[in-house]
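Let chain E serve as the given structure and place chain G on it in line with the hints.
2 protein chains.
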Amino acid sequence: MKNPILVPELKDLLKRKRFKVIKSFFEDQHPRDSAEFIGFLQPEEIWKILGLLDKYTASEIFGYLDIDVQVSMASGKFKANLKTLVQEMSHDDRAYLFQHLDREVVNRLLLLLPAKDRADVIRLTSYREETCGAIMTTDYATLLITDTAEAAVRKIRRDAPGKETIYYIYVTDPRGVLLGIVSLRKLILAKPREPVGNLMKGDAIYALVDDDQEKAAHLIDEYDLLALPVVDAEHRIVGIITYDDAIDIIREEQTEDMEKLMAISGGPEEDEYLEVPVWVHFRKRVGWVVVLAALQFISGMIIEGFRETLQYLIILAYYMPLLNSAGGNTGSQSATMVIRAIALNQLSAKDIFHVIKKEFAVSLMIGLSVGTLVFARVMLAPTGHEGIPPQLWIGKIALMISLALAVQVIWATVLGALIPMAANRFKIDPAVVSSPAIATLVDIGGIAIYFATAKFMLGV
Amino acid sequence: MKNPILVPELKDLLKRKRFKVIKSFFEDQHPRDSAEFIGFLQPEEIWKILGLLDKYTASEIFGYLDIDVQVSMASGKFKANLKTLVQEMSHDDRAYLFQHLDREVVNRLLLLLPAKDRADVIRLTSYREETCGAIMTTDYATLLITDTAEAAVRKIRRDAPGKETIYYIYVTDPRGVLLGIVSLRKLILAKPREPVGNLMKGDAIYALVDDDQEKAAHLIDEYDLLALPVVDAEHRIVGIITYDDAIDIIREEQTEDMEKLMAISGGPEEDEYLEVPVWVHFRKRVGWVVVLAALQFISGMIIEGFRETLQYLIILAYYMPLLNSAGGNTGSQSATMVIRAIALNQLSAKDIFHVIKKEFAVSLMIGLSVGTLVFARVMLAPTGHEGIPPQLWIGKIALMISLALAVQVIWATVLGALIPMAANRFKIDPAVVSSPAIATLVDIGGIAIYFATAKFMLGV
Chain E
12 MKNPILVPEL KDLLKRKRFK VIKSFFEDQH PRDSAEFIGF LQPEEIWKIL GLLDKYTASE
72 IFGYLDIDVQ VSMASGKFKA NLKTLVQEMS HDDRAYLFQH LDREVVNRLL LLLPAKDRAD
132 VIRLTSYREE TCGAIMTTDY ATLLITDTAE AAVRKIRRDA PGKETIYYIY VTDPRGVLLG
192 IVSLRKLILA KPREPVGNLM KGDAIYALVD DDQEKAAHLI DEYDLLALPV VDAEHRIVGI
252 ITYDDAIDII REEQTEDMEK LMAISGGPEE DEYLEVPVWV HFRKRVGWVV VLAALQFISG
312 MIIEGFRETL QYLIILAYYM PLLNSAGGNT GSQSATMVIR AIALNQLSAK DIFHVIKKEF
372 AVSLMIGLSV GTLVFARVML APTGHEGIPP QLWIGKIALM ISLALAVQVI WATVLGALIP
432 MAANRFKIDP AVVSSPAIAT LVDIGGIAIY FATAKFMLGV
Chain G
12 MKNPILVPEL KDLLKRKRFK VIKSFFEDQH PRDSAEFIGF LQPEEIWKIL GLLDKYTASE
72 IFGYLDIDVQ VSMASGKFKA NLKTLVQEMS HDDRAYLFQH LDREVVNRLL LLLPAKDRAD
132 VIRLTSYREE TCGAIMTTDY ATLLITDTAE AAVRKIRRDA PGKETIYYIY VTDPRGVLLG
192 IVSLRKLILA KPREPVGNLM KGDAIYALVD DDQEKAAHLI DEYDLLALPV VDAEHRIVGI
252 ITYDDAIDII REEQTEDMEK LMAISGGPEE DEYLEVPVWV HFRKRVGWVV VLAALQFISG
312 MIIEGFRETL QYLIILAYYM PLLNSAGGNT GSQSATMVIR AIALNQLSAK DIFHVIKKEF
372 AVSLMIGLSV GTLVFARVML APTGHEGIPP QLWIGKIALM ISLALAVQVI WATVLGALIP
432 MAANRFKIDP AVVSSPAIAT LVDIGGIAIY FATAKFMLGV
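Chains as they are written, first to last, in our numbering: chain E, 12 to 471; chain G, 12 to 471.
Only true hints are included.
The list cannot tell twin chains apart, which means a pair is met if one copy fits it or any two copies do.
Under the rule of at most 30 Å between Cα atoms (straight-line distance), these lysine-lysine pairs were calculated in the DSSO-like manner:
1. Lys212 to Lys22
2. Lys197 to Lys212
3. Lys295 to Lys361
4. Lys212 to Lys59
Hints were generated in silico from the structure; no laboratory data involved.
The following block holds chain E by itself, in its conformation from the complex (with noise of 0.2 Å):
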């Protein structure tokens, strides 16, 4: 987010040389809101703004800044003053940047940093993107199981400024095995001489550096976590994922999801969409259009199979685009109902014939509704019974729409459920089978239908 109004005034204070009153400003300011504000500014004159400030301030100011800016900083030629704010940063937001930057800054960079933070930059940079290792952060807290409580937090009180959290601290055995929480909560109010081990909650919930960054966002959730440990295959502390991170994946993927069942392809694009080139739009979303229009070519055939059914009787073309509108509505709705259900984990594959039931009732609820809509219209249509061949009782015209208009409902209801249930079943993620691909497959079964009934029921 960059917000323009104040880039005039602050351009203008950086020429005539008002220091003291750019940096009171963004003293008072919430680092985010510092960051929105100098988001316009060319990378110098942020550079200038953030040397005013202390380092740590300058350091949570630069963190908030858009990637594309923080990119564009560094790789410009303010070494000195980039070293410092790079070892004040978060450590994962510190490990975003640098897998963003060129690989020959990146290797300046860490020639610039002490040994100790150098390492830490590597491992995180080397997990698998949307890890729980690639988003996690290691500035955490840690105390050995015997500890006492008073030793804990004199330990604390000498750690804290380059932590993280300090609410909740992680308790390990000395090769560093995780074997407990303890809140800072519990060690004020504790006696001085007990023991950590005594106050932890053991049984840690916690996720692997392999998992997927949306099992840690689906933990902190359902358990209400302020920060979710991370830990190595042998069950070693690596890293935490705090809750802000959480909210963070949550929201990703829920754009991600929707997307998806609107056959967008492609992960959601950080970038925002007025800043999307129109190429990129136009890849994101131009192959489902494609080939869900060559799978179109299916109904043309059918229909084509029935031209001279069609021909005979026009009036089963006034009905089409309702048929295909309401059956890739319902279609579309059911879907809708159980992917979110399945995202939630309300649904799992062994309830595949519950859901079948259910929405078998559903549709027929819905089915019937609309065919009755429709027989009424088809009916008491003032002109459409014009070129209906005078053998051909218009209220069995009007039935054998409305039949098969209930029967494409059901049909499009009942596949809309059963798709994402199938493939969830077979560990697909339900979203990618998009809503107008079910759309699409059930309008072709649907003109089948149409077409068929009208054959058997009116003999044409």
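Okay, now just chain G, sitting in the frame of chain E:
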């Protein structure tokens, strides 16, 4: 969430009165897991199990039970236990429970509570649904601006067990007006005599009691807050909303947006998919389906108006489903992109021309792609040329169909983006204009475009 896996074992243990085993089992579990395991038992059985545990654990487990289980437990005849549980519950969960109980049960229960808790319940349940007041909790810690760090830590030690969070403490004047926030971390690290006023951060981010709950969730998300203070019109602090509530709100909002987008009406049911009765599913979905079906009568009337064109050139019917589906798909895509960008505050009303320009460019490229595909198809269809009057060149028909399709894609894409932008401009939730509604409007326009192009280009 309920997990039936342990139900037989638990029933058996209860029957055999193995209370020690039950007690030690539940003491080792996370309260959330415990709630899952006992969720399927009868209320009396749950009461028995909770009675074995200390009141803190019992009330935590009770708070994690599904609301309908809580209600059926509270409505039975076990008042003594209930009073303790209700007193110990977190204040927001408690208010939520009271909102779901029968009037008569509420009155009986309120009489059992101490005056302070009674006043708290009455106040929290009086706020309008989905406002900050309705979801906030009243267990938070406050300090006076004149307190010293030492006194503050003493105060917190004393009050801590009853508070939902003590990691951020709210600093007020004697009337309770919110002046700032101080972290427990800062208090612990400070010199004992330092007054809280020097340690706190002023200019706290806050919400008003009447603000929408989504605003609170967004603030917590944007500023990475652990908790957000809620103030009344006089700026006095009256509650806090914690990050875990924000996660719940974001999830709820996400379900609501997806359902709206898919033309499913009604707020997100709290119950799970399988627990919602068939007729509620029906009621949530039937409205839009019927309305949109009725709108499709217009498509039918348009086709009827072109009856002679269609009968003369029956090939036009073969590509109608493709035309409708390509329009629907591209319209849904652009609507989804724009609705999502608006939800994430990336777009505002003033960006409307940028959006239209961008969507026009994207749709031109998609239209060209699909148009080319369909041109090739019409030219190469092995049997599709039967019944075409000899005086019409097939190339001209192919050009006409693909041109109409491209225009339809452009119209659909631009309309898909325009409608949510316009809704947003007039302060209507953009997701209300559902994707099926857009698809229907696009369909109707598309049919008109299609036949008008045919008449104009082919003169039929």
